[in-house]
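Participant: Each chain, written out:
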Amino acid sequence: MFTTSMIHFESVTKLYGKVLGVNDITLELAPGAYGLLGPNGAGKSTMLNLLTGQLLPSRGTVKVLGMNPRNNPELMRRIGFCPGFEGMYSSISGVDWVTYLLQMQGVNRNQARVKAMDCLELTGMREGMYRPIASYSRGMRQRTKLAQAIAHGPELLILDEPLSGLDPVGRSQMTDVLKDWITMGRSVIIATHVLHEVEALTQSFLLISGGRLLASGTASEVHELLFKVPMEIQIRCSNGRDLAARVLKDELADSARVNATSLGDVVLVTTRNASHLSQQISKWVQHEDLKIFEMRTADDSLQALFNSLMKIHRGEL
Amino acid sequence: MNALRAVFIHEWRRSLTAGRIAWWLVMAAFPAVLTLLIRTIPGFERGVSVGERDTFWAIMFYALIPCVCSALSVLLTAGPAVATELEQRTWVYLATRPNGIFWLLLGKYFVAVTWGVTAAWTGVTTAIVLSNAESPFVIWRTIMALSLLSCISYSAVYLLVGVVSPKRAMVFCVVYTAVVEVVLGIIPAMVNRLTVQFRLRSLLVQWVELSEKVSQNSSFSYNFGDSSSLTHCVWLLTLTVMFLFLAIKLAERKEYTTASEGDL
Numbered sequence: 001m002f003t004t005s006m007i008h009f010e011s012v013t014k015l016y017g018k019v020l021g022v023n024d025i026t027l028e029l030a031p032g033a034y035g036l037l038g039p040n041g042a043g044k045s046t047m048l049n050l051l052t053g054q055l056l057p058s059r060g061t062v063k064v065l066g067m068n069p070r071n072n073p074e075l076m077r078r079i080g081f082c083p084g085f086e087g088m089y090s091s092i093s094g095v096d097w098v099t100y101l102l103q104m105q106g107v108n109r110n111q112a113r114v115k116a117m118d119c120l121e122l123t124g125m126r127e128g129m130y131r132p133i134a135s136y137s138r139g140m141r142q143r144t145k146l147a148q149a150i151a152h153g154p155e156l157l158i159l160d161e162p163l164s165g166l167d168p169v170g171r172s173q174m175t176d177v178l179k180d181w182i183t184m185g186r187s188v189i190i191a192t193h194v195l196h197e198v199e200a201l202t203q204s205f206l207l208i209s210g211g212r213l214l215a216s217g218t219a220s221e222v223h224e225l226l227f228k229v230p231m232e233i234q235i236r237c238s239n240g241r242d243l244a245a246r247v248l249k250d251e252l253a254d255s256a257r258v259n260a261t262s263l264g265d266v267v268l269v270t271t272r273n274a275s276h277l278s279q280q281i282s283k284w285v286q287h288e289d290l291k292i293f294e295m296r297t298a299d300d301s302l303q304a305l306f307n308s309l310m311k312i313h314r315g316e317l
Numbered sequence: 001m002n003a004l005r006a007v008f009i010h011e012w013r014r015s016l017t018a019g020r021i022a023w024w025l026v027m028a029a030f031p032a033v034l035t036l037l038i039r040t041i042p043g044f045e046r047g048v049s050v051g052e053r054d055t056f057w058a059i060m061f062y063a064l065i066p067c068v069c070s071a072l073s074v075l076l077t078a079g080p081a082v083a084t085e086l087e088q089r090t091w092v093y094l095a096t097r098p099n100g101i102f103w104l105l106l107g108k109y110f111v112a113v114t115w116g117v118t119a120a121w122t123g124v125t126t127a128i129v130l131s132n133a134e135s136p137f138v139i140w141r142t143i144m145a146l147s148l149l150s151c152i153s154y155s156a157v158y159l160l161v162g163v164v165s166p167k168r169a170m171v172f173c174v175v176y177t178a179v180v181e182v183v184l185g186i187i188p189a190m191v192n193r194l195t196v197q198f199r200l201r202s203l204l205v206q207w208v209e210l211s212e213k214v215s216q217n218s219s220f221s222y223n224f225g226d227s228s229s230l231t232h233c234v235w236l237l238t239l240t241v242m243f244l245f246l247a248i249k250l251a252e253r254k255e256y257t258t259a260s261e262g263d264l
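Here the protein sequences line up with chains V and F, keeping their order.
Under the working numbering, the first residue of the first sequence is numbered 1, with each subsequent residue one higher.
Under the working numbering, the first residue of the second sequence is numbered 1, with each subsequent residue one higher.
Accuracy of the hints is not assured; some may be wrong.
[As the list claims (entries may be wrong)] Stretch by stretch, here's where chain F covers chain V in the computed footprint (C-beta under 8 angstroms, at least three residues):
id: 1; stretch: 51-61
id: 2; stretch: 72-81
id: 3; stretch: 100-109
[What the hints assert, rightly or not] With a straight-line cut-off of 25 angstroms between C-alpha atoms, the simulated DSS-like cross-links for lysine-lysine are:
id: 4; chain 1: F; residue 1: K254; chain 2: V; residue 2: K18
id: 5; chain 1: V; residue 1: K249; chain 2: F; residue 2: K249
id: 6; chain 1: V; residue 1: K63; chain 2: F; residue 2: K254
id: 7; chain 1: F; residue 1: K167; chain 2: F; residue 2: K249
id: 8; chain 1: V; residue 1: K115; chain 2: V; residue 2: K179
id: 9; chain 1: V; residue 1: K283; chain 2: V; residue 2: K249
id: 10; chain 1: V; residue 1: K63; chain 2: F; residue 2: K249
No lab work stands behind these hints: they were computed from the structure.
In this text the structure is predicted, and so the values were computed from the model without any measurement.
Even glycine gets a Cβ: it sits at the ideal position worked out from N, Cα and C.
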């Protein structure tokens with residue numbers, strides 16, 4: 001038994017009827033910052049719900065800060081939770097919502113109000129905190145959710161997709177808030193399906209898919225895994241055939257497929273070196289007669305990685 | 001206690017919606033309107049003795065206020081106590097606070113009681129003024145007390161039903177009332193002693209002097225308990241505490257996950 005562990009999972013399985021949420025996970029985490037990575041439906045939210053005591057494991061033991069999280073008031077004082085969904089009362093203001101939740105922590109109304117205002121200001125909600133939540137954008141809701149999670153100064157912050165819906169400026173601000181949080185020596189677990197979202201915050205990752213913990217390690221280790229998996233990039237441009245021929249000729253891609261659409265040619269490129277490809281395309285756009293209308297990843301590189309890891313796990317690779 | 005006060009104030013503010021206020025007004029005005037309508041019936045008072053008239057009003061107000069107004073008022077607030085949080089996906093924020101479920105349900109319970117009591121007390125006060133009872137104060141005092149007991153008890157009952165089945169809370173509350181309180185409540189057996197209705201009826205008979213026609217009618221006797229008023233009150237409070245305790249413990253044991261199906 002590790003007395004210093006922040007999170008302890010021992011053979012934890014969670015079943016929703018016949019559906020597997022998490023499958024036989026054993027895990028020991030020391031205090032610190034961790035990214036919980038996995039595609040949608042991987043079991044991330046189930047893990048977080050087990051950590052916050054909202055779910056009871058079908059099998060196994062869960063301990064958080066050395067305690068059973070189920071209906072544990074002492075633990076609830078020490079953790080802050082930001083769920084992945086946007087559940088908030090729409091008719092009240094952000095400051096009232098955070099004040100209310102602080103009062104639920106046992107803080108008196110006046111102190112709760114001051115703390116709520118401070119935290120909302122910290123998360124960039126100074127302007128909008130008095131408006132009804134119904135009028136908030138998705139980003140503002142995310143900021144309010146983060147404010148309620150940190151307002152009571154928990155030791156451990158559990159965040160489910162905290163950066164989704166934020167614009168680049170918002171992401172940067174929230175990342176700074178979380179960086180400061182980690183610098184203060186407090187712990188955080190961030191569940192996300194986008195690797196680069198948490199790279200700026202932590203170097204420790206847990207990879208989960210199909211309810212199983214597939215791998216854990218540092219960012220470079222995850223990148224190494226990612227590197228081995230080809231990434232799909234979709235490019236909408238003026239001359240698809242020409243672009244496809246170029247990327248294949250320069251060995252920037254393993255394959256390229258061209259589809260002609262009413263909005264221009266769409267080239268679907270499979271590459272193992274996305275950064276090199278994007279640099280080269282930038283040069284072509286600047287110096288040659290190539291027009292790029294849209295360029296985006298299929299955002300399933302991580303999914304591809306997980307699929308590969310699952311295959312390795314099953315002994316198929 | 002900060003948490004309980006916070007939930008109580010917060011829930012009260014949230015419940016001040018146009019629909020809820022309209023419902024409160026309907027519940028508060030309903031007894032008065034019915035009293036007026038009854039008094040306009042031609043020949044209503046002809047040949048009725050003073051004692052019978054007071055008995056009539058006492059039973060009428062009992063049926064209208066503690067049985068209908070109070071029960072319906074608290075049903076609307078206590079029944080969906082859990083369902084509203086689950087639908088708005090706010091449950092998890094509150095459940096991850098120290099003793100969050102306990103304070104949330106207790107706070108909502110008190111909100112339900114106060115909503116119901118204010119509607120019932122307004123209703124009985126206006127209705128008694130419009131009636132022509134000979135001893136209005138005795139009837140008023142009795143119905144006020146019974147309304148309070150009714151709200152206290154039914155809020156706990158409906159809270160428990162809402163915890164057991166949040167998705168169909170209102171339907172099950174109505175079914176519970178019809179099957180347990182109405183049907184079982186009048187069955188001449190020990191089982192009717194476990195209903196709120198039996199205790200309230202017994203208290204009515206003890207606190208208001210009903211006419212001999214009613215109080216000595218053998219067909220009614222099994223519907224009233226002959227224990228002391230204190231015993232009936234203790235029974236009601238015991239049932240209330242038991243239902244509240246069960247509701248809170250059950251809510252703490254249940255797994256109200258709010259993750260969407262695709263986001264396990």
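Participant: Now tell me if each hint is right for this structure.
Facilitator: The hints, checked one at a time:
1. 51-61: It holds: at least three residues are needed, and the stretch 51-61 of chain V offers 5 whose Cβ sits within less than 8 angstroms of chain F.
2. 72-81: holds (count 6)
3. 100-109: Coverage by chain F holds for the stretch 100-109 of chain V (9 residues, Cβ < 8 angstroms).
4. F:K254 with V:K18: Roughly 18 angstroms separates the two Cα atoms, so the pair holds.
5. V:K249 with F:K249: Answer violated: K249 of chain V to K249 of chain F is near 68 angstroms, above 25 angstroms.
6. V:K63 with F:K254: Holds. K63 of chain V to K254 of chain F sits at ~19 angstroms (cutoff 25 angstroms).
7. F:K167 with F:K249: holds (19 angstroms)
8. V:K115 with V:K179: holds (20 angstroms)
9. V:K283 with V:K249: Holds. K283 of chain V to K249 of chain V sits at ~16 angstroms (cutoff 25 angstroms).
10. V:K63 with F:K249: Since the Cα atoms of K63 of chain V and K249 of chain F sit roughly 22 angstroms apart, the hinted pair holds (cutoff 25 angstroms).
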